[in-house]
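For the sequence shown, the positions run 1 to 254 when this note's numbering is used.
Please keep in mind that the hints were generated in silico from the structure rather than gathered at the bench. There could be a bad hint or two in this list.
Here are the computed lysine to any residue pairs in the SDA-like style, where the Cα-Cα straight-line distance is at most 25 Å [claimed, not checked]:
#	residue 1	residue 2
1	238	175
2	243	116
3	79	108
4	79	27
Pairwise CB distance ranges, derived in the manner of DEER restraints [stated by the list, open to error]:
#	residue 1	residue 2	range
5	243	131	27 to 35 Å
6	50	172	18 to 26 Å
7	44	222	35 to 43 Å
8	192	216	17 to 25 Å
Each residue gets a CB set at the ideal place from its N, CA and C atoms; glycine is no exception.
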Amino acid sequence: MNPEVLDKEPRSIRRYSVRTYESDHNGLLRPVSLLNYFQESASDHAERLGAGVIELRRRNLTWVISRYHIRLFRYPRWKESVELATWPCVNQGLFALREFEVRDEKGGMLAAATSSWMLIDLKTKRPVLPAERLGSYAKNPQRAVDSDFEPLPTVSQADLERSFRVRMGDLDWNRHVNHVAYIGWALETASPDFLEKHRPAEIEVDFRGQAFYGETALCRMQSSSADREPTIIYQIIKSENRKELARLRVAWRA
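When you get a sec, could you build the whole thing from the sequences and use the hints?
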């Protein structure tokens, strides 16, 4: 990842060149690599707006992601340059929305996403109103994905389950599992034959809990569509106490 910042607030634009370690066995950008682009761009932009993690921690605050809705139209190849735009959108009560668009060098849309974040008071461990703690800063009301973040279903009868032990490398600055890891675990919970023939076309995520170093997460998946391009729901829980960590719904494309 070698981002070049092209613009500043209220809309940040960064250019990335797909590296070998960010691409899969077919030379295409991995979904989790794209999510790392999102995370890096959002973190950098928030910092330049005065709402980055380091500044917030001085005030006993931090950001925690709540929801993601991502649409993927084309996966860029190794060495291909992409341009990622991100901007804070609007506040919806306790939730602050941030949008993302990824385009190729000709301006073609590669991916679009919307995300919902909560501002957490580190002393009380409870969410607080972003507008009250951060004041107003430049916002763009345009939505990249017009999503209401509808409730996601639970897995009633698992077709497949897979366990993941939390490593130190899975943790973020808040010392819990980084949100990208949950998505990576879900996308790995499928047969090798299925993964060889399909890629995610749409990903919805509802983050519902925290996991920490040494714990074990169990990812349960259930097909909700028998179509040629299936939709699969996922539920990630802690193996130790069955507490829910995340729900996902992924539409796959052959």
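Earlier hints that do not hold, by number: none
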